[in-house]
Amino acid sequence: QVQLVESGGGLVQVGGSLRLSCVASGGTFSNYPMSWFRRAPGNEREFAARILSSGTITHYADSVKGRFTISRDNAKNTMYLQMNSLKPEDTAVYYCNAEIPGTNRGYWGQGTQVTVSS
745 QVQLVESGGG LVQVGGSLRL SCVASGGTFS NYPMSWFRRA PGNEREFAAR
795 ILSSGTITHY ADSVKGRFTI SRDNAKNTMY LQMNSLKPED TAVYYCNAEI
845 PGTNRGYWGQ GTQVTVSS
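Those letters in the sequence shown? Residues 745 to 862, per the working numbering, in order.
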C-alpha cells in the first residue's frame with residue numbers, strides 16, 4: 745500500500761508560480777509512473793501531467809503545456825509540479841497519483857488546493 749501526501753498549494757496572483765510536492769511512502773517509488781490531476785470547482789477531475797518511472801519521459805495536458813513542469817526524485821520518493829504563469833483557470837485541488845504497473849488502478853493523495861487570484 746502506497747501513501748501519497750501532497751503539499752505546496754496556496755493562494756497566488758495571476759502570473760505567479762508555485763511548486764507542488766508529492767511524497768510517497770509504503771512502496772518502491774521508482775516502480776510507479778506518477779501523475780498530477782486536478783479538479784476545479786464544479787468540474788470533473790482532469791489529467792495535468794505524467795512522468796514515467798525513470799523520469800525521462802513526460803506528458804502534459806494542452807492546458808498546462810509550456811507552463812508546468814513535472815519532475816521526480818526517486819532517491820527522495822518525491823514528485824514535483826512546477827507551475828509558472830498561473831491563470832485563474834488553474835484554480836483547483838491538485839492530486840498526485842501513482843499508477844500500479846500493468847493495471848488501470850492507482851493510489852491517490854488527499855489533494856492540495858491551488859487558488860489563483862486575478
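The set of hints was computed from the structure by calculation and includes no laboratory data. Just so you know, these numbers come straight off a predicted model, no measurement behind them. Beta carbons: idealized from backbone N, C-alpha and C, even for Gly. Warning: the hint list may mix true and false statements.
Think about it this way: if two alpha-carbon atoms lie no more than 16 Å apart in a straight line, the pair counts; the simulated EDC-like pairs of lysine to aspartate or glutamate are [to be verified]:
(1) K809 with E843
(2) K809 with E788
(3) K820 with E790
Label-pair distances were calculated between CB atoms; the ranges are [claimed, not checked]:
(4) S861 with N818: 31 to 41 Å
(5) S862 with A819: 16 to 26 Å
(6) P785 with W852: 10 to 20 Å
(7) E788 with Q854: 30 to 40 Å
The hints, checked one at a time:
For the suggested pair K809 and E843, the alpha carbons sit about 21 Å apart, so the restraint of at most 16 Å is broken. In summary, the hint linking K809 to E788 is not supported, as the alpha carbons are separated by about 20 Å, beyond the 16 Å threshold. Between K820 and E790 the CA atoms are separated by roughly 26 Å; this puts the pair beyond 16 Å, and the hint is violated. Checked against the hint of 31 to 41 Å, the C-beta distance between S861 and N818 comes to roughly 35 Å, which is consistent with it.
Checked against the hint of 16 to 26 Å, the pair S862 and A819 fails, with Cβ atoms roughly 39 Å apart. Between P785 and W852 the beta carbons are some 19 Å apart, a value that agrees with the proposed interval 10 to 20 Å. Hint check: E788 to Q854, Cβ distance near 18 Å, so the stated range 30 to 40 Å is violated.
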